[in-house]
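**Student:** One letter stands for each residue in the lines below.
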Amino acid sequence: MSSSKRVSTAPAAPKSPTVLAPTLVIGEHAVLTGTYLITLGSNTVVHPRTKLNSTYAPITIGNNCIISERSIIGLQSPGSDQGMTIENGVVVEVGAIVEAKSIGEGSIIEVNAKIGKHAVLGKHCKIGPMCEVGEHEIVPDFTVLFGNGMRRIDRSGVEDLKLKMVARQVEILRKLIPNNLAKFK
Amino acid sequence: MSTFMPYAYFQCPCTDSFPQSRNLGDESPVSVSSSFDQDDRTFDPRAPRANYSLYPLEHLLYCEDCHQIRCPRCVLDEIVTWYCPNCLFEVPSSTVKSEGNRCTRSCFQCPICIAPLSVSSVEPHPEGLGAENLTVGGPYVLNCAHCYWSSKEIGIQFDKPNGIFAQLAKIKNGGEPIITARERRKDREERNRDTSAGPAVDEDGVQEERAANLDPNEILDAESQFSNLKAFYQSQLAEASPTSALTFSGGDYGYGSPGALSRIMGLYTGGSFADKKSKSKKGMMREAQDALEGLQIVSPTSEDEIINRLQTEGWDSTASTVQKDEQSTYTRFINDLRPIAHLLRTKRAKRCKTCRHILSKPEPKVQTTRFRIRLVALNCIPSISINPLSPLLPGQKSAFLVTPLKPTQFLLTFTNPLFEIVKVNIATPAQTPGRFANKVTVLCPQFEIGANTDAWEEALREGSKGIEREKRRTKAEATEGQHQAEAGKVWERGRNWVSVVVEVVPASLSFEGPDFMKSEEMLRDGGALREDEDVLEIPVFVRVDWEADAAHDESGGLSGGGRGESEVREKRELAYWCVLGVGRIAQD
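Line order of the protein sequences matches chains P and S.
Quick note on UniProt numbering: the first sequence kicks off at 1 and runs consecutively.
Quick note on UniProt numbering: the second sequence kicks off at 1 and runs consecutively.
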């Protein structure tokens with residue numbers, strides 16, 4: 001898309017339709033493209049240089065989420081236009097590629113992980129660094145993917161604590177990231 | 001066939017110095033020239049034994065007293081320091097002997113994914129983030145940040161956030177306490193006291209006494225079973241032969257004790273008092289009878305439980321082979337896994353096996369990576385690098401993919417690390433050993449390499465005369481002229497390096513063709529191409545000699561020899577085999 005500086009002389013891509021919560025934190029260099037609706041919930045943090053692409057399906061991101069830089073959210077090629085839902089308290093780490101249909105509450109998608117098209121992630125999952133979830137895969141709640149495609153179910157029962165930690169992280173990021181909400185409205 | 005990087009491996013001469021008898025039995029069947037004397041034989045890089053004597057130069061050390069290359073096989077390792085790689089705590093070797101080679105503080109690895117575990121409180125502290133830093137707060141668990149495993153899953157919690165190792169040693173998976181060896185011993189002593197004090201105790205009476213403390217039918221884990229068995233047989237031995245009680249106490253033979261000495265003497269003098277006594281006492285020994293004595297009876301239904309568990313919990317509850325390997329005891333299920341204490345690491349000093357001089361010695365402190373002594377071969381013998389002579393042709397994929405039967409030239413660059421001028425002689429067999437005989441010619445087998453002097457000094461000395469000019473001349477020839485290497489002449493020369501040309505005619509890798517064209521070996525076993533047989537490896541015998549300045553000793557780093565006569569320049573010589581992997585032969 002027209003994200004790099006070189007293309008910027010060409011007429012800018014039309015702004016994608018958005019519904020942005022007033023308490024959202026979004027960096028100036030975040031990239032929101034596409035024609036479908038992008039909805040971002042309250043207290044969510046979108047880092048600079050995050051790419052949200054709604055060319056093929058709408059994107060809905062809940063409250064208290066952290067979407068890190070260089071992550072790519074949204075379908076990258078045509079698929080069903082059912083749209084994609086990221087629930088509350090989800091953390092998408094640097095460089096992750098998310099094309100899932102839905103991601104459950106409190107999940108963490110680690111650095112450079114890949115979630116295949118139309119995959120469904122349950123609640124409080126953790127996709128380890130560089131791990132991949134296949135297309136159309138359904139990952140049950142509390143699943144932890146780690147290492148070389150190993151899986152286990154996390155029964156530690158501290159998900160509330162983790163959600164609190166995410167909220168705390170959002171608080172700090174709010175102070176660190178220069179907000180430019182107006183640009184995307 | 002991916003990318004090929006040329007390599008130069010050096011043979012450590014220690015493999016030659018073994019007694020001749022070693023070579024008779026296990027001589028490789030491939031070697032044709034087994035009847036030859038060791039010195040005359042061409043080193044065969046494909047011989048199975050060659051694998052164990054070839055090293056890249058970086059792995060080799062150099063003993064300055066023996067004036068010889070030293071490989072990992074001919075040095076002795078000495079442990080300088082034990083330390084934990086996680087907390088970098090230096091563990092005294094006495095502790096290693098008594099406690100084993102694991103960190104005994106709080107360093108653990110996750111049994112599921114081997115990531116380091118961290119200690120954290122179970123109680124959600126009201127202040128959230130700071131909860132881990134505060135010493136208050138209820139029980140603690142070990143947590144894996146990577147796979148979210150926590151010791152809560154195996155039912156283990158700790159009272160204190162430090163000294164986890166000691167706490168873990170007392171808890172079984174599930175939270176039951178482990179009866180430690182010391183407690184068992186105490187219990188045993190108590191029992192013995194009771195039995196000896198009590199009047200006329202029969203076997204049943206003893207049994208009742210024990211039941212009060214420990215269950216004689218309890219199922220022991222491997223460690224406590226061993227300690228029980230050991231204690232039992234020690235006491236049996238002590239009872240069976242009171243004269244030699246001294247000898248066997250503590251599992252030590254203790255040859256120093258007078259009792260043991262007289263017993264040993266008795267062996268030679270043909271029976272004495274000690275011998276008779278011990279004989280008369282024989283037959284008092286009995287075997288272990290219950291769990292307290294370390295006996296575990298395998299019940300016929302013991303496996304049913306495991307099968308049941310497998311059926312109910314399924315495949316996911318079983319531990320993988322990797323996970324099992326990390327455990328100290330055999331475990332089948334994930335719930336039986338225990339956190340792995342970090343294995344200690346060592347810093348080692350290396351000594352020459354023949355003269356016992358130290359070749360490498362690191363600083364004993366864990367945090368420093370410096371070495372006090374490090375005599376690496378890289379500083380003492382010329383290194384060899386390989387480059388293709390002709391530039392890469394457009395169609396060519398890699399310069400190191402050579403076409404069969406087409407003469408190909410390579411540049412061998414020798415770099416001299418010494419502060420003296422060295423003379424180098426190199427020799428190769430006309431044909432490489434192995435099934436495919438490649439023809440090899442070194443165009444300039446004899447040359448001199450300049451000293452590794454200071455670059456600044458060199459620049460100052462330059463001016464009119466010098467090597468630089470010669471270098472320029474040869475270089476000019478190469479670029480404008482016929483682009484051909486001349487026999488007997490060095491290709492290019494620098495301050496402390498020389499490159500010479502070696503020409504190779506790779507053999508064809510096909511097995512077709514008339515019999516007379518094939519080598520003996522090919523006729524013998526025929527068949528397909530073996531693994532890596534297409535790699536073009538050239539054995540090269542390198543002989544280096546130079547005149548070391550005896551007075552120059554300290555600064556030159558060449559000690560030993562010429563102690564009295566400091567003015568005399570000493571001639572040094574070093575000869576060794578190298579193997580150059582120059583490329584892969586293309587297959588049609």
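FYI, nobody ran anything at the bench for these hints, they're computed from the structure.
Mixed in with the good hints, there may be bad ones.
Said to hold, decoys possible - Cut-off 16 Å, straight-line C-alpha distance, at most; resulting in silico cross-link-like pairs (EDC-like, lysine to aspartate or glutamate):
no., chain 1, residue 1, chain 2, residue 2
1, P, Lys164, S, Glu123
2, S, Lys152, P, Glu105
3, P, Lys162, S, Glu123
Claimed, not checked - Just a few of them, taken from the derived set where beta-carbon distance is under 7 Å, the chain S residues facing chain P:
no., residue
4, Phe4
5, Tyr7
6, Gln109
7, His146
8, Cys147
Here the structure is a predicted model, which is why all the values come from computation and not from measurement.
The beta carbon of each residue, even a glycine, is placed where N, CA and C say it ideally should be.
**Student:** If a hint holds in the structure, say so; if it doesn't, say that too.
**Tutor:** Status of the hints after comparison with the structure:
no.: 1; hint: P:Lys164 <-> S:Glu123; verdict: holds, 14 Å
no.: 2; hint: S:Lys152 <-> P:Glu105; verdict: violated, 23 Å
no.: 3; hint: P:Lys162 <-> S:Glu123; verdict: holds, 13 Å
no.: 4; hint: Phe4; verdict: violated, 28 Å
no.: 5; hint: Tyr7; verdict: violated, 30 Å
no.: 6; hint: Gln109; verdict: violated, 13 Å
no.: 7; hint: His146; verdict: holds, 6 Å
no.: 8; hint: Cys147; verdict: holds, 4 Å
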